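Peer 1: Combine both chains into one complex, guided by the hints.
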Amino acid sequence: MALEKDIKEEVQKLTAKDFVSDQDIRWCPGCGDYSILKQVQSVMPELGIAKEDIVFISGIGCSSRFPYYMNTYGMHSIHGRATAIASGLKAARPELSVWLVTGDGDSLSIGGNHLIHLLRRNFDLNILLFNNQIYGLTKGQYSPTSEVGKKTKSTPLGSIDHPFNPLALCMGAESTFVARALDREPKHMREILLRAEQHKGTSLVEIYQNCNIFNDGAFGGFTDKQLKKDNSLYLKHGEPLVFGAKEDKGLILDGFEPKIVDLTTGEYTVSDLWIHDEKCRNKANILTRFFDDPSKENALPRPFGIFYQEDRFRYEEALYEQLETHKQQKGIPDLNKLLAGTNSWEVE
Amino acid sequence: MTQVQQKLEQVTVLFAGDSGDGIQLTGTQFTTNTALFGNDLSTFPDFPAEIRAPLGTIAGVSGFQIHFGSVDIYSPGDRCDVLVVMNAAALKKNISRLKERGTIIVNTSGFDKRNLRLAGIKEVENPLNNHSLEGFKVHEFDITKLTRESLKDSKLGTKDRDRSKNMFVLGFVYWMYNRKIDSSIDFLKAKFAAKPEILDANITVLKAGYHFADTCETFSNRFEVKPTKMATGSYRNIIGNQATALGLIAAAHKSKLDLFYGGYPITPASDILHELAKHKNFGIKTFQAEDEIAGICAAIGASFGGDLAVTASSGPGIALKGEALGLAMMLEIPLVVVNVQRGGPSTGLPTKTEQADLMQAVYGRNGEAPIPVIAATSPSDCFTMAYEACRIAIEFMTPVFFLSDGYIANGAEPWRYPKASDLKEINVQFAKERSQDDPAYLPYKRNEKFVREWAIPGTKGVEHRLGGLEKDKETGNVSYEPENHEYMVKVRAQKIAEIANHIPEQDLDNGTEKSKLLVLGWGSTYGSIKTVVKELATEGIDIAHAQIKYIQPMPRNLGDLLSKFDKILIPEMNNGQLITLIRDQYLVDAKPLNKIKGVPFEAREIKEAILNMLKN
Ligand SMILES: Cc1ncc(C[n+]2csc(CCOP(=O)(O)OP(=O)(O)O)c2C)c(N)n1
Ligand code: SF4
Ligand SMILES: [Mg+2]
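Protein chains in written order, with our numbering: chain A, 1 to 348; chain B, 1 to 616.
If you're looking for bench data, these hints aren't it; they were derived computationally from the structure.
Predicted model, so just to flag it, every value in this text is computed and none were measured.
All C-beta atoms in this analysis are idealised placements derived from N, C-alpha and C, irrespective of residue type, glycine included.
Some clues are possibly wrong.
To be verified - List time: in silico BS3-like cross-link candidates among lysine-lysine, alpha-carbon distance up to 30 angstroms:
| hint | chain 1 | residue 1 | chain 2 | residue 2 |
| --- | --- | --- | --- | --- |
| 1 | B | K432 | A | K8 |
| 2 | A | K337 | B | K189 |
| 3 | A | K327 | B | K424 |
| 4 | A | K330 | B | K278 |
| 5 | A | K330 | B | K256 |
| 6 | A | K327 | B | K226 |
| 7 | B | K180 | A | K337 |
| 8 | B | K191 | A | K327 |
| 9 | A | K337 | B | K254 |
| 10 | B | K460 | A | K17 |
| 11 | A | K337 | B | K419 |
| 12 | A | K337 | B | K424 |
| 13 | A | K337 | B | K278 |
| 14 | B | K189 | A | K13 |
| 15 | A | K13 | B | K460 |
| 16 | B | K191 | A | K330 |
| 17 | B | K113 | A | K38 |
| 18 | B | K460 | A | K337 |
| 19 | B | K460 | A | K200 |
| 20 | A | K327 | B | K189 |
| 21 | A | K8 | B | K278 |
| 22 | B | K278 | A | K327 |
| 23 | B | K473 | A | K337 |
| 24 | B | K460 | A | K330 |
| 25 | A | K51 | B | K432 |
| 26 | B | K191 | A | K337 |
| 27 | A | K327 | B | K256 |
| 28 | B | K460 | A | K51 |
| 29 | A | K51 | B | K473 |
| 30 | B | K473 | A | K17 |
| 31 | A | K337 | B | K256 |
| 32 | B | K254 | A | K330 |
| 33 | B | K152 | B | K113 |
| 34 | A | K8 | B | K256 |
| 35 | B | K113 | A | K330 |
Said to hold, decoys possible - From chain A, some residues computed to sit far from chain B (all C-beta separations above 10 angstroms):
| hint | residue |
| --- | --- |
| 36 | V20 |
| 37 | R289 |
| 38 | V347 |
Only chain B is shown next, with the shape it has when bound in the complex (with noise of 0.2 angstroms):
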């Protein structure tokens, strides 16, 4: 037996095979066992396009990264030290994502003439005959075969047998890395309480995958990758699109409001809707409309009627949304609508990332119709933003852009999740009755902040029509007075304006007003932006990072922010969207740095950008 352990700080592995070969399970139960074990980490699952591309082919290869460590994660990894692959394709797909000496775990029956022929790699050229992996440390199993043998006794079938094979995986790399099975003996129990030849063909293969990493002598010693210390305080793993969801739910909870929630579905925002229909008990109205503009005007009639409305999306979707958008603006009510974004133009990328819709948020309508934009920066700050979204909602009484990307949406980390007590107070100001003795009703009368009241139906005494047309700036009834139709677009863009000074003011995350240049980043690329400037500061080089989560309005203090530094780099997944707003609003000369490619920066790529910018 094995028992020599070597310390490691950090680990990237990237869980690869055909998408039925059961890779995100894999990847998801590593991923629980590693944040229950006390890990810092990190995932990226890289989904194929086609839900069942054809078995074996480079379009059906499933991917599950997962950067894990006892130091502080930021970011799924860039290259991973580990690849396990179920097949030639997955191979084929990620070999040049793995580093120079990395250790690959492969399934020598995903490598016979049909699947090498299905990977469209020639039989002679088969990658574990040709030499082609000598700087890496290979370790090969047909997989397939130790899964059935470890199943003689069983009654299932070889489909249902092979199935399984997937738990090998997991109980070989729990074993790796030295750690228990239990969470995922948990886990299959609760899912496959009803089929007992399942959850025992389940167990019995992971044991059998954890027996055989220990007796094969494939590895001279375990790994060990320490607990992180992590702040105190209460945590579990949890994936953006819950996060966003369990936002939603909390906002509704502390503003007492009912939350509904109109939408179309579509990669990557459905489980956002997939997560709320879960929790109905919360008294939560999921409507899965007839299509996105169905959607986001059914949110708008149950904002109307006095609920906390949402909607959820992706780009071309969004699109759809434009000009009920630019009602619920008009009408002055609140509503949140998220775009998780994924690779456009178009229909694009749909299972890809990107940050390509921020000009879309910002101006995508007709007239002047500002609304707030706000973005997440990771998994776990899906919750904060969408709670966010919310709050300026509904206190502000205006739709409200929430920006989340394919990334962070799939990806996970852990969440130290706070007490609904500790939660922002969220208040709602609902229009009160009166009597016919009153003054006559004023819908569009402001408050000091510019906000108008929201008075739901039912309310006596406050009778009023709203809609689309330009209104009078007390009466709300229809106007095509000039004047007022030029002081009611100043004074919509003014409420927006004002929000700068109800959101948090912008801070460094690192570095200080007298570093050499700022990075500034906005929404998910936090996490590599992070890890780059902490590698660059153990190297003494003192970089400032600032990433913008409020983007209309911007903090009222980034201008001043942003003078401070002679050079500033904008990273973004994009062709330059936010660098445009930047220059237009402040004059600043940032520089660009573009990756348009539907995956995340790797930290590599930002910091030859930084050092080249340093340089010049």
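Excised from the complex, chain A in its bound form (with noise of 0.2 angstroms):
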């Protein structure tokens, strides 16, 4: 079996609007939801793959009824097992295009294990984490994302659970592909979600979605006109960290710590600055974490963008090349020879 697929020819002339299922949307109206919907859609066309050769494929939650709206294949699981099911999918059939859609609950709660293992398997497949810090779909609980001292309905008092940093949890898991997007930021999104097709193994997209119902504006320091850009900053392979609404600021790394400079004083210039390196393990570790409260004086600003890329086997390829391997070892399978074994006899 290839692990790629030929590019057919119709595929060029599909739009947007050719991946758009029949079904109505049942998000709440506002929820950052349908604008993470709106650029994959608007994405697919781009990526020369035939509709029937894309699969989308989710747990529950919110977000995980994303595969409802696409018109390509997919399926709506279990809670938390989207990971391991997509994962059984790609071994059977490589060169399909898998996208699997998750919430905060859904993979880092009760999927948290598929997920830490797909990663480590890095099988050649888009993860889009729709982080929104709250569980949506049962009402607005707590999540492994939201912020400890956090008031709903399960912490009436304040929820006195430290969070994940979702992002080091992956690079922990030996991620090869791990990136941040917002869904008020849809061209970025489109660049982010096109890079993670590109990239031959898991890819992680981690999306700061608002639930403007259970937990508006949670992401506001990073979507809001007045802070976001001194609140964010957006990663490019091979150019330096600035960000600021003047970009002013810039990062530096002291030893191990990364440092803000101010740019405006003379003291440090552009050219000082950290140079962003996707390749680079160390420094994606230490720019994941960057996970401040935006709030907090002297905040390091939240990165977004390709954080590291790394080329490593994929499972599935590693796995038929076993298979083709031991059939060239064994020769070609003889059910019958299989069945006698090595020790029989005959009865007349």
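Peer 2: Here it is in structure tokens:
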């Protein structure tokens, strides 16, 4: 079986509309999920992949309704297990383009185990982790990414759970592609989605998604026009880490410590700054640790973009290689021989 | 030299010793030899629960029982004729399983102070000295010493030399039953090809044991168990889990699908994964997942992609798979779930056998979620039923439970294996491509057997979305319509019920509808029940026996068949599960016979229950 699909001719003519299914969308008006759906649908024709070769698999949650709205193959499965289902599908059919849609509860709580194992195995598929820092579908309990002190129905006195830092977790789980996008930055998201599909291995894209019903404004610090430039750091491979409303701030590495420097005083210039290198695991590890509350004084800016990308063998690649070598060693399978085994006898 | 031969119809030998004594290897070698010799046979390995239980203790005793004969053999035998014990613990644990006047072959070096203490026996109560074994024929040898002597020229260290003492026992027993030792020499040559010194030592000791038996004049005669008259055909020896793996491979090969196996190691199911992993040249994708949930979910993904997908586990692992099983049932995609049952509940008795997961298989899901359930009756029947599980899963687009258990999974017997061309065809119906001019695709439209199509990704024009939410009866779109839900629940049940028209009718394995009593079993109790009814027949007592292999749905004539009998006895290795299903479905007044001791029925237990029931 080929690991890659041939490009089909009619694929050139697809438009975003071709990826819209006939189902009515049931998300709350204003939900961040709409924007993500729209970007995904608009990116699909650019992939050069036929509709029938694309599969969306999700778990359970508001975000996980996603496959119903895509006019491709899809499966809305069970809570937390889309990761495992997608792994099996990819092992069976490595040539398919598989997309996994999951929420912060789905992937980091009930499905946390499968997520880390998928990442280390590095199946070639794309994970879109919709992080709204809340359980949307079950009407607003805190999630493993909710901040300490969060008051929800299940935590009227405030949450006492220390949250996950999802991308740091993924780095720890041997992820080969780690990125972050934002529902309110559609153009940037599209770029990341394209790169995710191009990456041969498991691409993990965390997407900050606003749940305007149960956790409105959770990412306001990164979407608010006044604030976002000072709080966000957009990563570009080979370019210096500059941010701020007037591109007036930069980052340097002082040993292992990231430090914000002022580019207006003359003490530092752009040429002094840390140059982003997607291939550097150590720096990516540090970048995923930029996880400060943006309202805190001297908070490090929150990075968006591709933190890390590594080419490593894919599970399915190794799997098919083994099957092939074994066939060469043991010869064409012969069921009669297998059934007879090595110690058979005849009764006349 | 002793040349007198005593002919025997059947013999049961139990090898027992410390788990480090190589008992299982001795047993399987003797089994292969016995099979090749042409005897019918049945085996029962009994592993200790711990991998390295303390040496010399009762907990560390490993056993291997083989029952072979010139007559047909259906079970590993209740009690043994010959007990081979390597140490005091092995004797203490198994003496109750030896027949009166049975033979004991004792390794005396396993009865020193230390071994007695480890077995919890006071020195003064050493059974070799205290006359407690007087009713038996006891043959004592210092096997450790004899092994060392035969290896006095070997360069191996003492530890390695002592390791081969199981070969001494094997050689000894080969001589007793008048066998050739070639099959084991071939085996050793293959196993130790890379270790010539160990190979030499093993062969030397094997031969030493054989010659020692010949010259020591322990036995005034050798025993001969003539080959069994078996139906013509090609035979091999097979272990249950191995047969299950072969059944799965055969079904994949026959249906021209790739086999995908997702699973997580668990006793006693792991050997299925091990066996499958050996045959990757058949294109078998084995996936050792992070847990049982991932194992079944990966299988669901692979099935969605068009592979023949399988997952196997045992009780606790099956419990974890519950939610995903419900999903597979809703998706209506093929999936085979093997449960090699072990003693439960919870972690229970991992290395012991039980039939206590029947209710779990039939009912163990949320909502109305019927799934076909079938069971194998013997080690070789695991092949047939694993194959059947695949056939039903594919042809009816449904998950299927295949129940085996520790007893038949680890047991062995001769198997008249089929030719690939004799296997039932398996019809795979993938949805075909559609063009834009065709009417919209309806993924949940059913055929006359209530089965929907298998539409796999990559097929143009039939893109669709599946999911665990209730779906519209044709489009498969999410539907909360009350009428639709009721319809879907019923039609899913109807599909499973329809399978009854595509499985064999229930037959009587023994007796007729006029017999005074029917023994109704399921799964692995087959051999024990069969042994009893055969024995009763020779005593002039006519008993009918039916063994159910298709449990959900049951064979369509089963109700009729049951109505012919006034007395029905249902023996089960559980607290009464099949009997509940039978009473529920057919309103018959069947009586239970339950054994929940982690070991299979002994024929005499079933016999006693039958005789009691006949009296009343
Ligand atoms: C086994 C199981 N447990 C619990 C639930 C209930 N449940 C559904 S979605 C959900 C959490 C969803 O949160 P998240 O994954 O963050 O998705 P969101 O709705 O926020 O997009 C829970 C607890 C379920 N469907 N299945
Ligand atoms: S509850 Fe929140 S996440 Fe769910 S649809 Fe509504 S806004 Fe979106
Ligand atoms: Mg959420």
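Peer 1: All hints, please: hold or fail.
Peer 2: For each hint, the structure was consulted:
1. B:K432 - A:K8: 18 angstroms, holds
2. A:K337 - B:K189: At roughly 22 angstroms apart (the allowed maximum being 30 angstroms), K189 of chain B and K337 of chain A satisfy the hint.
3. A:K327 - B:K424: 26 angstroms, holds
4. A:K330 - B:K278: 10 angstroms, holds
5. A:K330 - B:K256: Judged against 30 angstroms, a Cα distance of about 19 angstroms means the pair holds.
6. A:K327 - B:K226: At roughly 41 angstroms apart (the allowed maximum being 30 angstroms), K226 of chain B and K327 of chain A break the hint.
7. B:K180 - A:K337: 26 angstroms, holds
8. B:K191 - A:K327: Distance ~23 angstroms between K191 of chain B and K327 of chain A Cα, so the pair holds.
9. A:K337 - B:K254: Distance ~14 angstroms between K337 of chain A and K254 of chain B Cα, so the pair holds.
10. B:K460 - A:K17: With Cα atoms ~17 angstroms apart, K460 of chain B and K17 of chain A stay inside 30 angstroms; holds.
11. A:K337 - B:K419: Judged against 30 angstroms, a Cα distance of about 9 angstroms means the pair holds.
12. A:K337 - B:K424: 18 angstroms, holds
13. A:K337 - B:K278: 14 angstroms, holds
14. B:K189 - A:K13: 65 angstroms, violated
15. A:K13 - B:K460: Distance ~15 angstroms between K13 of chain A and K460 of chain B Cα, so the pair holds.
16. B:K191 - A:K330: 18 angstroms, holds
17. B:K113 - A:K38: 80 angstroms, violated
18. B:K460 - A:K337: This hinted pair is violated, its Cα atoms lying about 38 angstroms apart.
19. B:K460 - A:K200: Distance of about 24 angstroms is within 30 angstroms: holds.
20. A:K327 - B:K189: Between K327 of chain A and K189 of chain B the Cα gap is close to 25 angstroms, so the pair holds against 30 angstroms.
21. A:K8 - B:K278: With a Cα-Cα distance of about 37 angstroms, the restraint between K8 of chain A and K278 of chain B is violated, given a limit of 30 angstroms.
22. B:K278 - A:K327: 11 angstroms, holds
23. B:K473 - A:K337: Violated: K473 of chain B and K337 of chain A sit about 45 angstroms apart, past 30 angstroms.
24. B:K460 - A:K330: At roughly 36 angstroms apart (the allowed maximum being 30 angstroms), K330 of chain A and K460 of chain B break the hint.
25. A:K51 - B:K432: 16 angstroms, holds
26. B:K191 - A:K337: Measuring from Cα to Cα gives roughly 21 angstroms; hence the hint holds.
27. A:K327 - B:K256: Holds, at roughly 16 angstroms.
28. B:K460 - A:K51: Since the Cα atoms of K460 of chain B and K51 of chain A sit roughly 8 angstroms apart, the hinted pair holds (cutoff 30 angstroms).
29. A:K51 - B:K473: 24 angstroms, holds
30. B:K473 - A:K17: 27 angstroms, holds
31. A:K337 - B:K256: Holds, because 17 angstroms separates the two Cα atoms, which is no more than 30 angstroms.
32. B:K254 - A:K330: 20 angstroms, holds
33. B:K152 - B:K113: Holds - the C-alpha atoms of K113 of chain B and K152 of chain B are around 25 angstroms apart, at most 30 angstroms.
34. A:K8 - B:K256: 26 angstroms, holds
35. B:K113 - A:K330: At roughly 52 angstroms apart (the allowed maximum being 30 angstroms), K330 of chain A and K113 of chain B break the hint.
36. V20: 12 angstroms, holds
37. R289: 26 angstroms, holds
38. V347: At roughly 5 angstroms from the nearest Cβ of chain B, V347 of chain A sits no farther out than 10 angstroms, so the non-interface label is violated.
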